[in-house]
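Chain residues, written in single-letter form:
2 protein chains.
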Amino acid sequence: MEKPYVLGIDMGGTNTVFGIVDARGTILHSGSIKTGIYPDINDYIDALGKGIEVLLKEIGGSDKIKGIGVGAPNGNYFNGCIEFASNLPWKNRIPLAQLICERLNIPVTLTNDANAAAIGEMTYGVARGMKDFIMITLGTGVGSGIVVGGNLVYGHDGFAGELGHTIIRRHNGRLCGCGREGCLETYTSATGVARTAREYLEIRKDSSLLRQLDPDTITSKDVYDAAIKGDKLAIEIFDFTGAILGEAFADFIAFSSPEAIVLFGGLTKAGDLIMKPIQEAMEKNVLKVFAGKTKLLFSQLKEADAAILGASALGWEAKEVLFE
Amino acid sequence: MEKPYVLGIDMGGTNTVFGIVDARGTILHSGSIKTGIYPDINDYIDALGKGIEVLLKEIGGSDKIKGIGVGAPNGNYFNGCIEFASNLPWKNRIPLAQLICERLNIPVTLTNDANAAAIGEMTYGVARGMKDFIMITLGTGVGSGIVVGGNLVYGHDGFAGELGHTIIRRHNGRLCGCGREGCLETYTSATGVARTAREYLEIRKDSSLLRQLDPDTITSKDVYDAAIKGDKLAIEIFDFTGAILGEAFADFIAFSSPEAIVLFGGLTKAGDLIMKPIQEAMEKNVLKVFAGKTKLLFSQLKEADAAILGASALGWEAKEVLFE
Chain A
1 MEKPYVLGID
11 MGGTNTVFGI
21 VDARGTILHS
31 GSIKTGIYPD
41 INDYIDALGK
51 GIEVLLKEIG
61 GSDKIKGIGV
71 GAPNGNYFNG
81 CIEFASNLPW
91 KNRIPLAQLI
101 CERLNIPVTL
111 TNDANAAAIG
121 EMTYGVARGM
131 KDFIMITLGT
141 GVGSGIVVGG
151 NLVYGHDGFA
161 GELGHTIIRR
171 HNGRLCGCGR
181 EGCLETYTSA
191 TGVARTAREY
201 LEIRKDSSLL
211 RQLDPDTITS
221 KDVYDAAIKG
231 DKLAIEIFDF
241 TGAILGEAFA
251 DFIAFSSPEA
261 IVLFGGLTKA
271 GDLIMKPIQE
281 AMEKNVLKVF
291 AGKTKLLFSQ
301 LKEADAAILG
311 ASALGWEAKE
321 VLFE
Chain B
1 MEKPYVLGID
11 MGGTNTVFGI
21 VDARGTILHS
31 GSIKTGIYPD
41 INDYIDALGK
51 GIEVLLKEIG
61 GSDKIKGIGV
71 GAPNGNYFNG
81 CIEFASNLPW
91 KNRIPLAQLI
101 CERLNIPVTL
111 TNDANAAAIG
121 EMTYGVARGM
131 KDFIMITLGT
141 GVGSGIVVGG
151 NLVYGHDGFA
161 GELGHTIIRR
171 HNGRLCGCGR
181 EGCLETYTSA
191 TGVARTAREY
201 LEIRKDSSLL
211 RQLDPDTITS
221 KDVYDAAIKG
231 DKLAIEIFDF
241 TGAILGEAFA
251 DFIAFSSPEA
261 IVLFGGLTKA
271 GDLIMKPIQE
281 AMEKNVLKVF
291 AGKTKLLFSQ
301 LKEADAAILG
311 ASALGWEAKE
321 VLFE
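Chains as they are written, first to last, in the working numbering: chain A, 1 to 324; chain B, 1 to 324.
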């Protein structure tokens, strides 16, 4: 019997969303539970299982599902476990794929959220047909999923693609949550943009709409709102952020020479405000042999759907596996 | 009829070496011609063809050769052409694979020299059995070949893996031959080490064996000779070079999480003088999730043989192809 659907689960620090998806990338049914309210992983799995069973009834049972794909922070493709995930309630290594598989009796494939986004983009989005591209997610942090020759790069341990933690300012760089200094993420995540705003407001003397706000609670959204009103300081903050991303992308291109770099996440709403300085800095900094070759694209997936779609795309490649 | 051998051609700026290799990596017969003395590519191909035909007679003809692998500066795997190669006598795009194939009637696969070295290491060397590793060649320049999931990373245009041209010093970095500033190669190639020596001798006042030499003609070999005699300044030059490589490797690991980084080329003769500072800086700078996971290895291939072996390894995957 043919299995026409996949199931995608996206586990975030706050919410876990899930949905049943067909081969065209249409989400047929979806639901969500809170992630952070279950100190015991077994209670979380049980709540998740119950939520999913409601959806399975709608389509006539689990026999219609080819596989489950899960995107989760620090999810490891090779062993199906979550490890080192600082913003989740469970501190130990969690065999997430195995637990979900045992609960629902459907094959499960796990990876981290940025890798899931890359697979989603390749399956349903702007990277369809591309064999070599890099997905960069600009959210609270900066994540990445790297596709080489049509396959996601997992590395020898399943943790490859931490481009948000490459060093873009090597001396006196900003302190990062990872304990090191100068990571790309500290400058170009939504949090990084807010940090830049606070720095600019302190160092600079020129007027800005941003001066009406409490610097301690300023967000990248505030900077965006000011920038589209023509606020010079806010526009310069996007220029600064874009320039740093473009510099970093020039180095990423020297690594895997992708056909495109696809941007996803909250910051991409800034459109040309962020895209133009990225493009300019990327072309200015890239090695001559790569000049003008790598496209810079925004994801075409709706942000609300992308998490489920990205995770679900992994479900198409889910196989019956034995967990360690 | 089974074809037991491959033929490797390594084209350098000065010499082109070639040899017939068996499945165990033994070079049965080899030869060489000068590269730079043929302003017309057809004369070069003719001389190369004649040199190779001498070897083919020794093994009983070209029917015994499964394929020819060629490593050449800026060699493009996808189209079999050399492009942008600044240290070769031919300025246009040269369809090298096609020309050699037509001359000898054996399938030809071309790639750049660092990629060939990586394939050689995977086929006959220290990276046997590895699916994910990065080869770094420390010679006149710094080259790289990246292997992901058992396959070489070519990128969408065939030019991926230019890690010598990632930026390691972003502001006031050394001017590079590529026209940009701060490339890894300007610090960690043999030329870069000599450059560091000249800088140290000018800025510093302490005594050193290196002060007996003409700074303008100092080489990385001179620095090595002084360092093994215990010269403090020379040892510090290796510490500086190794630290920069280690910082760069920490970022490379964030990209593809390789099982190993394999070092090859003249500078590796410095042994622990260069290996220890690399290891130290790499572990100090690497993201926690990768700490202690990536091995740092020296190539086990003899330098005299490695060029031919690396190129020849490509010959095993050579197929009958149509050139554009």
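Fair warning: there could be bad hints in the mix.
Claimed, not checked - Pulled from the structure, derived: some chain B residues nowhere near chain A, Cβ distances all over 12 Å:
#1 Asp22
#2 Gly25
#3 Lys66
#4 Leu88
#5 Trp90
#6 Asn92
#7 Met130
#8 Val153
#9 Ile168
#10 Gln212
#11 Lys229
#12 Ile235
Stated by the list, open to error - To be clear about the criterion: a stretch of chain B counts as covered by chain A if any three or more of its residues have a C-beta under 8 Å from a C-beta of chain A, and this derived list gives those stretches:
#13 144-152
#14 213-223
Derived by calculation from the structure, the hints in this document are not laboratory data.
By construction, the Cβ of each residue, glycine as well, lies at the ideal position given by its N, Cα and C atoms.
Here is what the structure says about each hint:
Listed as a non-interface residue, aspartate 22 of chain B keeps its Cβ farther than 12 Å from every Cβ of chain A; the least gap is roughly 29 Å. Every Cβ of chain A is farther than 12 Å from the Cβ of glycine 25 of chain B; the closest lies at roughly 24 Å, confirming the non-interface assignment. Every CB of chain A is more than 12 Å from the CB of lysine 66 of chain B (nearest about 23 Å), matching its label as outside the interface. Against the 12 Å criterion, leucine 88 of chain B stays outside the reach of chain A, whose nearest CB is about 15 Å from its own CB.
Look at tryptophan 90 of chain B: its CB is around 17 Å from the nearest CB on chain A, clear of 12 Å, so calling it non-interface holds up. The Cβ of asparagine 92 of chain B lies farther than 12 Å from every Cβ of chain A, with a closest approach of about 15 Å, so its non-interface assignment holds. Not every CB of chain A is more than 12 Å from the CB of methionine 130 of chain B (nearest about 8 Å), against its label as outside the interface. The beta carbon of valine 153 of chain B is not kept farther than 12 Å from every beta carbon of chain A, the shortest such distance being approximately 5 Å.
With a cut of 12 Å on Cβ distances, isoleucine 168 of chain B falls inside the contact zone with chain A, its closest approach being about 8 Å. Non-interface status of glutamine 212 of chain B relative to chain A is upheld: no Cβ of that chain comes within 12 Å, the nearest being about 34 Å off. The beta carbon of lysine 229 of chain B sits about 32 Å from the closest Cβ of chain A, which is more than 12 Å, so the claim that it is off the interface holds. For isoleucine 235 of chain B, the requirement that its beta carbon stay farther than 12 Å from each beta carbon of chain A is met, with the minimum near 23 Å.
Given a C-beta distance limit of less than 8 Å, the hint that chain A covers the stretch 144-152 of chain B holds, as 4 residues qualify and 3 suffice. Restraint check on the stretch 213-223 of chain B versus chain A: 0 residues with Cβ-Cβ distances below 8 Å, three needed, restraint violated.
Of the numbered hints given earlier, the model fails hints 7, 8, 9 and 14; all others are met.
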